[in-house]
Structure formats: C-alpha cells, structure tokens
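Asks: Listed below are the residues making up each chain.
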Amino acid sequence: MFELLGIPPQVLLGQLLLGLINGSFYAVLSLGLAVIFGLLNIINFSHGAQYMMGAFVAWMLLAYLGIGYWWALIASPLIVGATGLLLERFALSRLYKLDHLYGLLLTFGVALIIQGLFRNYYGISGQPYQIPDLLSGGQNLGFMYLPNYRAWVVVASVIACLGTWFMIEKTRLGAYLRAATENPVLVGAFGINVPRMIMLTYAFGVALAGFAGVLAAPIYSVNPNMGADLIIVVFAVVVIGGMGSILGAIVTGYGLGLIEGLTRVFYPEGSAVVIFVIMAIVLMIKPEGLFGRAN
Amino acid sequence: MMKTILMGSAALAAMTGGALAQDTIEVTLGVLNDRSGVYADLSGEGSVVAARMAVEDFNAEEKGLDVEILSADHQNKPDIGANIARQWYDQEGVDAILDVPTSSVALAVAEISSQMGGILIDSGAGTTELTRGQCQPTTIHWTYDTAALATGTGKAITEAGGDKWFFLTADYAFGHSLEDETSKVVQENGGEVVGTVRHPFPATDFSSFLLQAQGSGANVIGLANAGGDTVNAIKQASEFGITQGGQSLAALLMFVTDVHALGTDVAQGLQLTEAFYWDQNDGTREWSERFEERHGAKPTMVHAGVYSGTMQYLRAVEAVGSTDALEVAAKMKEMPFDDPLFGKGYVRGDGRVIHDMYLFEVKSPDQTQGEWDLYDQKAVISGEEAFLPMIEECDFTKTAG
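Protein chains in written order, with the working numbering: chain A, -15 to 279; chain B, 421 to 821.
No lab work stands behind these hints: they were computed from the structure.
In this text, a Cβ means the ideal position worked out from N, Cα and C, and glycines have one as well.
Honestly, I wouldn't trust all of these hints.
[Said to hold, decoys possible] To give a feel for the contact side, a few chain B residues facing chain A, derived at Cβ under 10 Å: (1) G457; (2) A623; (3) F629; (4) T684; (5) D685.
[To be verified] Which residues of chain A face chain B? A partial, calculated answer using Cβ under 10 Å: (6) V(-5); (7) I5; (8) G110; (9) Y129; (10) N177; (11) V178; (12) N209; (13) D213; (14) V249.
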C-alpha cells in the first residue's frame, strides 16, 4: 500500500469523502447565490440568514406542529422562499435602478435583523434536531464509517444542483429568464411579466438556502449564527467559481470541499483559510473567476 | 435679595444632601459580558438578572446601600471590553465589574480595574492567568478555571480506565491552555496522550477531525473547546458512531445550556465538571426557580457565580463602609462565605475563590423527567484539590499589609 506524506490511503479516502459532503453544502448555497447574482445582479448577503431560517423553520415545524424531517424538507424551503418573495417585492425591487452596493447593504442589514430576532427569541445555544429514523445509522465502508445521513446529503445536493442547472440552462423557462436579464424591456414586450419572473427567481434562490438549512439541521448546531459562520466561505466559493456562473458555483463548491478536506489531514490549522488563499490566487490570475466570463 | 434666597436654598440642599450621603453608600455595578455572541446564553442577560437578585436578596436598600446595575456587551473582543471598562470607571462611577467571560477580555479588564480603582469579580472566564501570571489585588475569580475543569474531568476519566487521550483542541489561547492542563492531569494519573488535532475557531464541521480521532487508538476523545464548537463536535461524534465504537467523549468545558441545546439522546453519558447545577439541593433549587421565573431558563454556573460574587461584594462593602476597591477586596478575602449556591467557601489571597467542584454525568433520555433534568452528580471535588495552589507573589493579603 502506498502512503502519501505518512497518511495511509484509507484515511485519505475517508477525508476526501467527507470533503465531498461539505462541498455539497457549499455547492447548494453558492448555487443559490449564483442564481440570484447571475439573473438579478443582486449580491444576496442575507443568504446565510436564510439558510439559518431553513434550519430553524424545520425545527419549529417539529417542535410546534409535530411535522417531521421529510415534510420539512419541502415545507421549509417554501416558507423561507416566501419570505424571500416578500423581501424582493417590497424592498429589493426598488433598488434595481441603483448600484449593486445598495442591494448588498440592504440584504446585509436584513441578515443582521433576522439573526438578531432569532437570537432574541431562541438564544444562542441552539436547538436539538434529530436525524430522521430512516437515515440513522451508517455503513462501514472499510476505510471509514459513513453515516447514512451524510450519504443522503450528497445525493440530495447533487439532485438539487443538477435540477437547477438543467432548469436554467436547458428549459424554455430558463431561456426566458436569461433573456429577461439580458434585455428586460424586449422580453416584457413579448408579453412576459418580467418583474414577477424576477421575484420568483429571487424566491427560488432563497428557497435553495432554506433547503440547505434543512439538510444541515440534523448534523450542525441549529443556532441563529450558523449561517453567519458559513456565508463568508460560500461567498469565496462564488468568487472563485466566477460571480453568477451556475456551473462554476456547483463545480467549485464540490471542489473546494475536497481541497478543504485534504487540508484538514495535512495541516488542520490551515483548513479555515485555505479557501481564501485559493480565492486570492484565482483573483490574481483570473479575476473573473474560474468559470466567469470577462465583461 | 433674590440672590441670597437662592444661595440659601442651595446651601440647604447641599447640607441635606450631605447628610443623606453619610447614611447611604452609593454602589454602581457593571455587568460586562457577551450579550449577542456564543456566550450570550451562558452569561448575557442572565448575569444581569442574577446580579439584581443578589441586590434584592441582600436587602441592600435597608442596609443603606443604594445599588445601581449597568450592563454592556463586550462582544468577546478585548479592545471593546477595555473601552467600556475605562468609560465605566471614568464617567459612570462604576465600583465593580461583574462576570466578563472570554479570557482575553477578562485579563484586559482585570488590569484596567486595578489601575482605575475598581474591582473585577469574574465569573465567566476560564483562564488561570487571572490569579497567577497576571494576578491583581482587585481581581476576584469566582466560578471555575481551566485547571479545575481539567482536574475534575481529566482525573475522573483517567482513573476510570480512560487512559489514552486524543485531544480535539480549539486553535486559540483558551483551547491550548485547556489541553495543556488536562494533559498534565492525565499523565499524572498514569494515562497518555496519543494525539492532538487543532481545529480552527469557530468550526462547523468536525467530521474529519473526529475521523482522525477515531483512527488514533485513543479510548477518550477530549474536547478542549467551548460553546458551539463543543455542541457541533458532540452532535457529529454521535452521528459517526464514535461512542458506539467504544471511545468516550470528555467535554472539558460545557455548560448546562450546551447540554440542553444538544438534547439528552445525543449528550447522554458525557462526563463534565461544573461548579454549580440547579438541581443539587433545596438552596440551589429554590434560587434557580426564582431565576427561571425571571429569565425563562435555568441558570448556568456563571449566573450562579455572578449572584454569589455580588453577595460577597455587598457584604464586604457593608462591613467596610465604603467602596474603596483595595479595602473591599481585602475584606472579601477576610470573610469566608456559606451561601445556598456554592456552599462553604472562601476567597484566597490571590483572588481565587475556593469552593467545591462537581463531576456530573448527562442522563439518558429515559432517566430525565423534564427539559432541564440533565445531570447525575458523580463526585464532589474539594476546592483545595480542584484549583491550583496559590503562588507566593500573588498572595495580596501579605503584600497589601
């Protein structure tokens, strides 16, 4: 058996698999950001808070209404998406005429308000949320013990990513959307309700964040700051992939998860910064990002 | 004519005011802690509630103390904490600062308190430096420190056969010192440390670190971290079947609010050391019930420490008859206490408060009878055994003369 820098291959395989699982979260979250930026030109800083809301709504559904994980997986993104709908309709839509910066500031402020509200009502320590019975336990793969739930996270995120990519790049609806971002006036002249389409797109991006939140609830601490910790990394992923590139967000999401996983084996202290180091290098060599198009 | 009347009434007012001031001592307490971040539940507003309860239970008003309580958020940042402390002492007339979790902030506030004629009665911070390397005559360290946690949990587990340790350590000063202290205790008791991994702070995903711990051949995984990091690590350890695989977890710093957040089905069987638990005896239960009525959650040991510390401070102010920091601190060290929350104890010359610590085990879901029924008491560790011995230079009862 070969060893790499003193690390046996079983360990390496295990860590790669874990990296892929973390990458799943990065991919789903950065995908939502990329959809919103690519089609609406909004830098959605409340994405982390919306991810947190996804997890919290799942917990609330269980705690107050007795609705379990599987229904929450559908209901929670819908509920969080609906809040996105309201946010777009009543606040963001007024900012399209202005610079990107205003959208960023607005969503950042909204994120702080949402986090503050949840902190006020639910405290900071977090809420317990169990893994659904169907997915508890795990498989012994020989080189590692893989919890069933983690395997499910990878499957669910791949489905969400591919589905989104397909919808935007390959369907008629996606084509309308892309056209509407290129030239809203012309598309509107064809009788398509452009503002409504944009509103729904934002809600969809937000719902993706909520979906990632539900996926995270059973394995990470469900607390009001859970999104704030993650969002910075996810933004770095989007920048590396190329702002607004759907495929870029997906590929770099998984890729950076893998790289981070490897760093955790070879130099754990560096695992928190490795993504930012890569971001700096990419920005120096290819400022538009790996999959981005230069304007 | 008008002028003389005015002056006369002003003089009268000054005289009566002066007469009143002789009877009442004005005391201003500042609760400085984390009100929005990771430690907001274990300290935060609850510590303000605890301080208020102490003032009421002490009957401060009847005893001629006019006590005001301020509070502020230090956001776990030493510079912010230091600024608030300076402003409080300088402009708000604060006499004592309470709580101050986060070791780095506590050390900064300890120094400022000593320079500016105030007292720090710390409950939330863990570093032993407060009463050792950076000791001050006006620092009182009430509730716990990293050495006491290490002795409590480290010794109990090593003696029970958990002799091969792997540490999961938060990569900053607190985590390192907790790891060091615990390693010492493990080795002194015949155990060995087989590995360590330092994780970034804060971290969300612990799976790779846990996998490394799993393959290390250790039978105990020591979590030298706190708050959300500990909660996440334990949640994921249960997911990855660490405990089912025969390895046990040792949470070196964990509060009852963390266990509450995890739930007993994930946290069951964990051993941990605390200075206080609400359900220990009639005294703790009675106080905790009153606390819960006001705050909506059971108190942590940090809240309890703020209450007891404030009590002892007010007793000393009453005895001295002023709020002079050095005199009051010396008085606090002279008077042993016996209170419903910490039992019998005393403030040592270096400001370290010596009281019993307790080893607890988290109950399993079928043992608990309620949301906050979380611990079984396993052992009592006497204060003398739990805390480090005093170092000579920090014995201010001698140097103060």
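Asks: Now look at each hint and say whether the structure bears it out.
Replies: Quick rundown of the hints versus the structure:
Hint status for G457(B) relative to chain A: holds, with the closest Cβ pair at about 7 Å, below 10 Å. The interface hint given for A623(B) holds, since its Cβ lies 7 Å from the closest Cβ of chain A, which is under the 10 Å cut-off. Look at F629(B): its Cβ gets to within about 7 Å of chain A, closer than 10 Å, so that hint holds up. With 10 Å as the threshold, the beta carbon of T684(B) comes within range of chain A, its nearest partner Cβ sitting at about 9 Å, so the hint holds.
For D685(B), the shortest C-beta to C-beta distance to chain A is roughly 7 Å, which falls under 10 Å, so the interface hint holds. Of the supplied interface hints, the one on V(-5)(A) holds, with its beta-carbon coming within about 6 Å of a beta-carbon of chain B, less than 10 Å. Because the beta carbon of I5(A) sits about 7 Å from the nearest beta carbon in chain B, less than 10 Å, this interface hint is met. At a threshold of 10 Å, the smallest CB-CB gap from G110(A) to chain B is about 4 Å, leaving the interface hint in force.
At a threshold of 10 Å, the smallest CB-CB gap from Y129(A) to chain B is about 5 Å, leaving the interface hint in force. Interface hint at N177(A): violated, since its Cβ lies 40 Å from the closest Cβ of chain B, which is beyond the 10 Å cut-off. At about 38 Å, the closest approach between the beta carbon of V178(A) and any beta carbon in chain B exceeds 10 Å, and the interface hint on this residue is violated. At its closest, the beta carbon of N209(A) sits 7 Å from a beta carbon of chain B; the interface hint therefore holds under the 10 Å criterion.
With a cut of 10 Å, the hint placing D213(A) at the interface with chain B holds, because the nearest CB-to-CB distance is about 6 Å. For V249(A), the interface hint holds, since its Cβ comes within 10 Å of a Cβ in chain B; the closest pair sits about 7 Å apart.
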